[in-house]
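Trainee: Here the protein sequences line up with chains R and P, keeping their order. This note's numbering applies: residue 7 is where the first sequence begins, and numbers increase by one. This note's numbering applies: residue 7 is where the second sequence begins, and numbers increase by one.
Be careful, since some hints might not be right.
Stated by the list, open to error - Computed list of chain R residues with no C-beta within reach of chain P, every gap over 12 Å: (1) GLU24; (2) ARG26; (3) LYS28; (4) ALA29; (5) VAL35; (6) GLU59; (7) GLU120; (8) LEU123; (9) ALA124.
Said to hold, decoys possible - Pair by pair, the computed Cβ-Cβ distance ranges are: (10) PRO126/R / GLU37/P: 40 to 48 Å; (11) TRP112/R / ALA57/P: 27 to 35 Å; (12) ASP48/R / GLU141/P: 33 to 41 Å; (13) GLY56/P / GLU120/R: 26 to 34 Å.
What the hints contain is simulated information worked out from the structure, not anything from laboratory work. Note that beta-carbon positions come from the ideal geometry of N, C-alpha and C, so glycine has one too.
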Amino acid sequence: MTSSSRDLPPSELLVTLEWRDKAAVLRVVGEIDLLSAPEFEDVVTGVVADRPELLVVDLRSVTFLCSAGLQVLAGAHRSLGTSDVRVVSDSTVTTRPFTSTGLDTWIGVFPTLEQALASPAT
Amino acid sequence: MQNSAGSPEEADDVRAAVAPLRCHGVTAGPEALRALRHELVGWVLGAGLGAERAQDIALASYEALANVADHAYNGECGTVDLDAYRYPDRVEVVITDHGRWRTPVLDPRPVTLRGRGLLLLHASADRADIRTTDEGTVVVLTWDVP
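Looking at chain P on its own, in the form it has when it is part of the complex (with noise of 0.2 Å):
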C-alpha cells in the first residue's frame, strides 16, 4: 500500500467513505448513457483513482452499455442497471440489462467496420465477465487497484 497516493491510513479513509454508486432503470439511450457515463468517471475519481484509471473505467464501462443500446433491445430503447463498487483491493462495475446480446457477426475484410467494442472492453478492463441468460446479461468488470 506505499504505493497509494497519500498516506496509507488517508487511502483507507478514502475507500472506507466510498458508497456504491447505483444507477438503475437508465434508458440504453445516447444521450443517458453519456451522462451515465459522465456520472461514473465523478464517481470514480471520487473514489481516489487516478485519470488514467478513469479513462479505463469509462470506457469499458461504456462500450459494455453501448452495447445494450446496439444489441439488447432489437432497436427499442430498455433500461440498463449500473452499479459500481470500491473494495479495498479494486473496483467493480456491473451492468445488467434484460435483453439479448447479439452474436457478432463476422467480418472477413482486413478493416472491419464493427465488432470492436468487446474488443476495447477487454483491453480497457483488468477482467472482463460476460454472462448471459434467459432474463438478460450481466458484465462484471473489475480493475485491481494496488
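Isolated chain R (complex conformation) (with noise of 0.2 Å):
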C-alpha cells in the first residue's frame, strides 16, 4: 500500500489528504457550517477532479456538521458515478446528519478509518 500526502491551501478548517493507493483519505478538524463548507468544497471538489476509486472522509475530528457539509458530500457522491464515498463517524455530531437524513444509504458511515477502506464496494 502506497501513501503519499500534499499541502491543501489554507482553510477555515483544517483539512489533510493523503492517499493509500487508489483511494483518496481526507482528515478533516473543525466546524463545518456555512462559513467552512465553501472552502470544504473547494478541497472535495479537488480531490474529486483527481478521480479517485475510493474517497474516505475522516470526520472524528469535527465538532459540528450542518446540511451545508452534507451537500458537499452528497455532491462529491454523485461527481464520482461508480466510486464511493465514505465517511468515518464515532460521534453522534457527525452520524445523526447521515442517518436522520437518510445520506447513509449512499454515503456508508464507519467507526474507524480501516473499516471505512477495508469495506467492498457497494
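Combine both chains into one complex, guided by the hints.
Mentor: What follows is the structure, encoded as C-alpha cells:
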C-alpha cells in the first residue's frame, strides 16, 4: 500500500489529504458550517477531480456538521458516479446528520478508517 | 425529576437562575451565525443541559438560522433574532426573521443536493413549528427536558 500526501490550500477547516493506493483519505478538523463549507467544497472538488476509486472523509475531529456539509458530500457522491464516498464517524454529532436524512443509504458511515477502507464496494 | 443530573433541589436552582438568551438584530451571515451558535451552546450548557442535547439544539437552531441566511432576504444580508428560554420541563428556541423562506424545490434525483436543512431541523428538535406571515418567519423549536 503506497501512501503520499500534499499540502492543501489554507482553510477555515484543517484538512489533510492522503492517498492509500487509489483511495483518497481526507481528514477534517474543525466545524463544517456556512462559514467553512465553501472551503470544504473547494478541497473535496479538487480531490474528486483526481478521480479516486474511493473517497473516505474522516470526520472524527469535526465538532459540528450541518446540511451545508452534507451537500458537499452528496455532490461528491454524485460527481464520482460509480466510485464510493464513505465517511468515518465515531460520534453522534457527525453520524446523526447522515442517518436522520437518509444520506447514509448512499454514503457509508464507518466507525474506523480501517473499516471504511476495507469494506467491499457497494 | 429523580433522573436529572444532581439533586432535584440543585436542578431547580439552576432553572431559576437561567435567564433567557436574547440576541436580536444579528446579521444573517456566516461569521455572525457561527458566533451566535457558539453563544447558544454556551447558554444551553449553562442552563444545565448535557452535551448531546446541546448538539441537537445547536444543529436545529443553526439550520433555521442558515435558512434565513440562504433564503429569507434573496441574497441580501438581513438580520435575525434568536431567543432561548429555559422552562422547568423544556427548552424553547425562537428564531424570527423579517424575510420570506423560499419553498423548497423538489429534486427528483436520488441523492438530492439541497433540502436537507429542514430534515435535520425536524430530526434534531422534539417539536418544530414554522410559521410564515407577511412580516417574516417565526421558528419555534422545543426540546423536552426530563
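Trainee: Compare the structure with each hint and give your call.
Mentor: Evaluated hints:
{"no.": "1", "hint": "GLU24", "in the structure": "holds, 26 Å"}
{"no.": "2", "hint": "ARG26", "in the structure": "holds, 25 Å"}
{"no.": "3", "hint": "LYS28", "in the structure": "holds, 22 Å"}
{"no.": "4", "hint": "ALA29", "in the structure": "holds, 20 Å"}
{"no.": "5", "hint": "VAL35", "in the structure": "holds, 16 Å"}
{"no.": "6", "hint": "GLU59", "in the structure": "holds, 19 Å"}
{"no.": "7", "hint": "GLU120", "in the structure": "holds, 26 Å"}
{"no.": "8", "hint": "LEU123", "in the structure": "holds, 22 Å"}
{"no.": "9", "hint": "ALA124", "in the structure": "holds, 24 Å"}
{"no.": "10", "hint": "PRO126/R / GLU37/P: 40 to 48 Å", "in the structure": "holds, 43 Å"}
{"no.": "11", "hint": "TRP112/R / ALA57/P: 27 to 35 Å", "in the structure": "holds, 29 Å"}
{"no.": "12", "hint": "ASP48/R / GLU141/P: 33 to 41 Å", "in the structure": "holds, 38 Å"}
{"no.": "13", "hint": "GLY56/P / GLU120/R: 26 to 34 Å", "in the structure": "holds, 31 Å"}
When held up to the earlier numbered hints, the structure conflicts with none and fits them all.
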